[in-house]
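Chemist: Now for the letters of each chain:
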Amino acid sequence: MPINKIVSSFDEAVADIEDGATIMVGGFGVVAGAPSLLLEAVARKGVKELTMVSNVCGFGKEVWKQLGFKFAEDPDILVRNGQLKKAIATAPVSAIYENNFERLLRAGKVELEMASQGSLAERIRAAKAGLGGIYTPVGIGTVLEEGKETKVIDGKKYILELPIKADFALIKAHKGDRWGNLVYRRTSRNFNAIMAGAATVTIAEVDEIVELGELDADVIHTPGPYVDRVVVRPKEIDDEDMEISDKAKESYEKFQKKGG
Amino acid sequence: MPINKIVSSFDEAVADIEDGATIMVGGFGVVAGAPSLLLEAVARKGVKELTMVSNVCGFGKEVWKQLGFKFAEDPDILVRNGQLKKAIATAPVSAIYENNFERLLRAGKVELEMASQGSLAERIRAAKAGLGGIYTPVGIGTVLEEGKETKVIDGKKYILELPIKADFALIKAHKGDRWGNLVYRRTSRNFNAIMAGAATVTIAEVDEIVELGELDADVIHTPGPYVDRVVVRPKEIDDEDMEISDKAKESYEKFQKKGG
Amino acid sequence: MQEKQKLDRETIALRVAKEFQDGDVVNLGLGLPGLASNFVPSGREVLFQAEIGVLGFGELTAPGEGDYELVNASGQTVREQPGMSCFDHAESFVMIRGGHVDISVMGAFQVSEKGDLANYMVPERKIGTIGGAMDLAIGTKKLIVAMNHTTKDGQPRILKKCTYPITALNCVDLIVTDIAVMEVIEKGLLLREVAPGWTPEEVQQLTEPALIVDPDCQEITLM
Amino acid sequence: MQEKQKLDRETIALRVAKEFQDGDVVNLGLGLPGLASNFVPSGREVLFQAEIGVLGFGELTAPGEGDYELVNASGQTVREQPGMSCFDHAESFVMIRGGHVDISVMGAFQVSEKGDLANYMVPERKIGTIGGAMDLAIGTKKLIVAMNHTTKDGQPRILKKCTYPITALNCVDLIVTDIAVMEVIEKGLLLREVAPGWTPEEVQQLTEPALIVDPDCQEITLM
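Chains as they are written, first to last, in my numbering: chain Z, 5 to 264; chain U, 5 to 264; chain L, 362 to 584; chain A, 362 to 584.
Any given hint could turn out to be false.
Computed cross-link-like contacts, EDC-like style, restricted to lysine to aspartate or glutamate with a CA-CA straight-line distance of at most 16 Å [unchecked claim]:
| id | chain 1 | residue 1 | chain 2 | residue 2 |
| --- | --- | --- | --- | --- |
| 1 | Z | 169 | U | 158 |
| 2 | U | 261 | L | 426 |
| 3 | U | 89 | U | 22 |
A few chain L positions that, by computed beta-carbon distances, are all more than 12 Å from chain Z [unchecked claim]:
| id | residue |
| --- | --- |
| 4 | 516 |
| 5 | 548 |
| 6 | 570 |
Because the hints were derived from the structure by calculation, they are not lab data. These numbers come from a predicted model, not from an experiment. Note that CB positions come from ideal geometry on N, CA and C, so glycine has one too.
Given these sequences and hints, build the entire structure.
Modeler: Now the structure itself:
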């Protein structure tokens with residue numbers, strides 16, 4: 005039978021995520037690179053006690069709607085729904101915005117493991133690559149050294165960073181085919197491309213599904229074996245008029261002025 | 005001044021390689037992915053006591069000429085010229101051919117450090133990435149474990165593999181621009197793409213130089229900062245009629261039949 | 362004892378190929394294992410991976426006709442096919458070592474009853490070629506060894522302990538030889554199939570460790 | 362003492378940009394450092410890198426006009442320009458941590474005389490954002506800190522020892538403030554330039570550790 009990794013709905017794509025699962029969520033911070041519809045499906049499913057591995061913990065749909073995004077959910081949807089037990093992140097809060105994660109963290113309702121962005125990337129890659137760990141000089145003398153082994157190699161001190169594995173990786177790509185081959189666009193490649201294959205099950209949300217062979221062998225960013233399911237975004241959605249809070253409006257203005 | 009990494013000759017490109025240098029040589033085994041003309045230039049320069057990091061130690065020009073290659077030198081040129089002190093390789097000899105490296109090794113005229121292909125790739129990448137080392141399960145219980153530290157992580161035993169740095173990386177790409185951006189073709193990407201940036205100086209031999217902007221941002225395999233010099237292959241060369249030895253003819257036939 | 366018929370290379374490859382399931386990512390070693398690509402069961406879509414950095418390529422081209430920048434791990438030119446992807450060496454071994462390749466098929470000099478593999482160096486030669494063998498042996502989900510059951514002079518190659526340099530420990534899952542198919546299980550080697558005309562006892566005679574004969578042990582089937 | 366004139370944000374950024382040499386790969390942090398991209402000396406070709414995975418991008422677009430899949434590390438849309446390349450996060454940090462980025466410019470809360478940097482968390486907030494700061498501080502060849510010399514209430518931010526949580530040790534190479542330019546050298550902080558109208562002694566008064574005054578110490582020049 006021909007390989008066919010394409011699934012027909014977002015709910016079907018996330019149907020086997022269970023309470024207590026560890027999920028990776030691709031993207032960087034800007035919602036353009038986030039798997040918005042997969043996150044919505046996880047929210048609909050209502051699974052709890054999740055550990056989320058992600059660069060950020062989200063800004064929330066309101067901010068992104070003002071910027072004109074049709075698909076506007078970011079990791080905040082799982083935070084505000086109370087579905088997270090713990091986050092592993094590098095930029096969990098914002099300099100311009102008190103996000104829901106910060107509120108819950110202060111209330112003691114969620115745990116946080118901080119990482120540096122480069123070490124987070126390498127630790128995810130280590131899981132994908134079957135490595136036992138890597139030594140990095142980043143974090144020496146900082147809070148990230150606490151509780152970790154160190155070693156002097158060739159006169160320089162390094163921290164042992166361990167792989168981060170997950171049960172599911174939810175990622176966003178531009179195009180995908182039935183083998184699971186993916187390409188990304190511009191700065192939306194980010195964590196999406198390295199999370200693909202670092203989890204037991206990788207689920208890719210794509211803008212477009214293409215015929216096998218349409219993606220040239222030299223431009224495929226993520227080869228099929230790293231991807232288990234591919235699900236396509238609808239062209240049209242019911243884009244409800246949502247009410248935007250003053251807080252979101254204010255942070256939107258700050259963002260426009262100096263970035264997030 | 006505009007950045008311009010393009011140099012006008014192969015001799016100029018390798019002019020600062022000195023005796024005793026460690027050089028990485030890209031490619032896999034088939035000469036199509038090897039930096040043939042850079043290797044010729046290193047041979048002309050006549051530097052000695054080199055340590056070469058390369059997947060293979062070469063088959064020799066004669067074999068590749070029979071297969072119709074215009075640019076037919078592989079790492080064998082440095083071996084047969086007696087320019088190597090040591091090789092770090094995964095497939096230094098061939099199952100179908102007694103190459104010059106095997107002859108010199110048996111004669112005690114060159115040293116060899118064996119590696120597994122995956123660990124060689126990771127060690128080169130570790131140098132490029134500024135890592136202190138990586139733990140891999142590959143090699144446990146084998147000759148590759150000898151003299152190396154091991155560690156049990158999460159119940160499994162791993163070997164500590166250290167980065168391999170080099171003074172120069174000689175690589176082959178398909179197209180390059182004045183910033184040093186490179187793309188490769190098909191299976192010629194191999195070690196070329198990971199050696200780029202793992203040495204103090206990376207020199208890329210390309211089929212074609214293109215205008216800045218001709219390579220799309222999403223298809224560039226090696227961004228410019230990893231590359232220091234770009235030199236283009238001539239379209240035409242004096243392709244002398246070379247005499248092919250019986251030994252080379254025989255190995256060529258074996259290769260045609262079952263691969264190398 | 363009269364020389365019994367043994368399976369030829371093609372038949373061994375055919376038996377190996379029977380293991381390939383729909384969607385499997387398969388890496389084939391030099392020589393006999395490579396032949397298995399010709400025998401993928403009809404209707405099954407299998408993706409071949411080569412450590413040089415390519416996945417999903419097609420069949421071998423005729424000599425001299427292919428693109429020399431599109432070769433398998435033996436350096437032989439292969440055909441492009443839709444869905445194929447190319448990548449660098451680090452990515453290729455992330456795929457191999459990270460458990461993303463389902464099946465690896467290799468030749469071997471020796472295999473032990475614990476599934477230890479020796480296939481990178483004949484001790485007499487003193488120089489070997491490790492290549493990607495150690496990585497594949499450790500990293501792929503299922504390792505199939507395809508080889509003759511004995512050496513040319515009739516000595517067993519399936520041993521209690523390998524005497525040749527080790528490629529990897531406890532890595533072999535299935536051994537397909539010219540007279541038998543054995544699975545490496547916790548307790549030892551489970552004899553699952555024998556070549557036509559062979560009895561389990563006859564296979565045992567050419568094997569050093571004691572074989573556990575599967576109650577369902579049967580003649581090798583190819584379809 | 363009469364309030365002396367301090368450099369404004371744009372002028373600090375202008376002074377920082379003077380450090381950019383032809384061909385430098387430069388990563389600019391949030392806020393003030395980002396302004397430096399507007400002041401690249403004329404005729405110099407500088408490549409900006411953003412940790413999200415892009416190199417060689419152009420200027421910021423007007424709000425709402427850009428491609429939201431082409432943003433800098435602050436999430437602001439930037440213009441495409443010839444030669445630009447995009448890559449994944451692992452590759453982006455290979456570039457940063459492997460020493461392939463020439464200059465990183467960051468803001469800071471505090472810097473010590475040994476070049477220790479504190480810029481990811483104000484202790485009172487108790488939650489910080491590390492992002493790529495630690496990686497950039499360790500990995501880039503030259504780290505420039507651009508900040509005000511003192512806190513809003515006049516306390517020194519250049520200290521013998523940082524009291525805020527550390528981003529990285531011994532990492533800062535050059536400090537450009539609203540009143541001075543200092544280089545971190547083996548023996549301490551070398552005062553190289555002072556703002557117009559300021560004396561080395563006056564800069565010292567707002568700095569905790571003893572400054573080494575460069576014999577060639579001069580007024581900050583911008584061209």
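Chemist: Next step is simple, just say for each hint if it's right about the structure.
Modeler: Hint-by-hint comparison with the structure:
no., hint, in the structure
1, Z:169 x U:158, "holds, 13 Å"
2, U:261 x L:426, "holds, 14 Å"
3, U:89 x U:22, "holds, 13 Å"
4, 516, "holds, 35 Å"
5, 548, "holds, 27 Å"
6, 570, "holds, 29 Å"
Hint check: no violations occur; every hint is consistent with the structure.
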